[in-house]
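Residue numbers (this note's numbering), protein chains in the order written: chain A, 613 to 689; chain B, -14 to 202.
Keep in mind that the hints were calculated from the coordinates and are not lab data.
From the three backbone atoms N, C-alpha and C, an ideal C-beta is built for every residue, glycine too.
Please note that the accuracy of each hint is not assured.
Here are a few chain B residues that sit away from chain A, every Cβ distance over 12 Å (derived from the structure) [what the hints assert, rightly or not]:
#	residue
1	Arg39
2	Asp42
3	Glu73
4	Arg147
Covered stretches of chain A, going by a simulated chain B footprint (3 or more residues, C-beta under 8 Å) [to be verified]:
#	region
5	626 to 633
6	636 to 644
Restraint ranges, calculated between C-beta atoms of paired labels, are given here [said to hold, decoys possible]:
#	chain 1	residue 1	chain 2	residue 2	range
7	A	Gln627	B	Ala185	15 to 25 Å
8	A	Gln627	B	Gly69	33 to 43 Å
9	B	Pro182	A	Val643	31 to 41 Å
10	B	Met(-14)	A	Val643	19 to 29 Å
11	A	Val643	B	Glu67	31 to 41 Å
12	A	Val643	B	Gly145	18 to 28 Å
The primary structure of each chain is shown beneath.
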Amino acid sequence: MNHPVFDDEDLLPEQLVLSDLVNRVLDKGVVIHSFITISIADVDLIQLDLRLLLSSVAAMQQRAKRADSSLRTDASR
Amino acid sequence: MPILLYGLTLPGDPRPDGAAGVGGVACRVLACGEADAIVATLDAKPAPDLAAIRAHDGALRAFVAAGASVAAVRFGQWFDDEAGCIAELRSRAPRIAALLREHRGCVEMRVLLPVEAPRDAPAPDATAGPGRAYLEALRAQGGVAPALALRPMLGPMVRGERVEGFAAPEGARGVAFAHLVHRDDLAAYRQSLRESPALAGARVVGPLPLYSFAEPA
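Given these sequences and hints, build the entire structure.
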């Protein structure tokens, strides 16, 4: 049985695809700098979805906590 | 002028005839030792608006479409000049190049599924990342989490799988299955997705550079 599985090229912009795009570009991939500065110079992103931005900030904070915890563990050895 | 870094690829890999990034500025490749950096020179640091996010993704996808192995770099990483970019990347290049060689010929595919949030789901842990918090909420419902792996169903053509929950506007929620798939297996992969009743209505995005697989698990 075949059912339609939609390729993104065939889609009009839609919430799910757009949200995944923002999520992966802002929150996935190699990190070269220790700190990434994302300045909020354009309100469009906030209007798009504030929660996504907050999620990205939360994820960064979580990573920072883990890094800090790791440093403390190393220092205590 | 700022150098915006898009991603990393392997020297000798195919290159697109042209790849425009943020602001329509053409991307180029900088040799950084064992890896090449995909960069563009901008007049100013880019703001993370939707156009820039699309352009970042689009530039990398042009390299993937040309046949290159590409690791995406997280948006917003820039350098003051080329020398600074090369100096920073030279020490990192061996590790990233090793990962790209390990996954040579592979691309990332993403299967997106809309998910209804459970009505009586517990509040997510405010300190957790978005994916972890959402999956924990699903697990709390019992019996949902085991279904969140597609790899057993799709077989060995899926060489790696990462599952991430994410929030979409207006209360929608989704689950993204990131799959590492070799280019030679893409037709069979798509066919398997089409034949799975559980994935009716799923959205498939790709081929993409390595986003979720750009760093070791």
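How the hints compare with the structure:
1. Arg39: 7 Å, violated
2. Asp42: 5 Å, violated
3. Glu73: Non-interface label on Glu73/B violated, nearest chain A Cβ at 6 Å vs cutoff 12 Å.
4. Arg147: 9 Å, violated
5. 626 to 633: holds (count 8)
6. 636 to 644: holds (count 9)
7. Gln627/A with Ala185/B: 15 to 25 Å: 18 Å, holds
8. Gln627/A with Gly69/B: 33 to 43 Å: 38 Å, holds
9. Pro182/B with Val643/A: 31 to 41 Å: Given a distance of about 39 Å, which is inside 31 to 41 Å, the answer is holds.
10. Met(-14)/B with Val643/A: 19 to 29 Å: 23 Å, holds
11. Val643/A with Glu67/B: 31 to 41 Å: Hint violated: Cβ distance 20 Å, outside 31 to 41 Å.
12. Val643/A with Gly145/B: 18 to 28 Å: The hint (18 to 28 Å, Cβ to Cβ) holds, given that Val643/A and Gly145/B are roughly 19 Å apart.
Checked against the numbered hints above, the structure violates hints 1, 2, 3, 4, 11; every other hint is satisfied.
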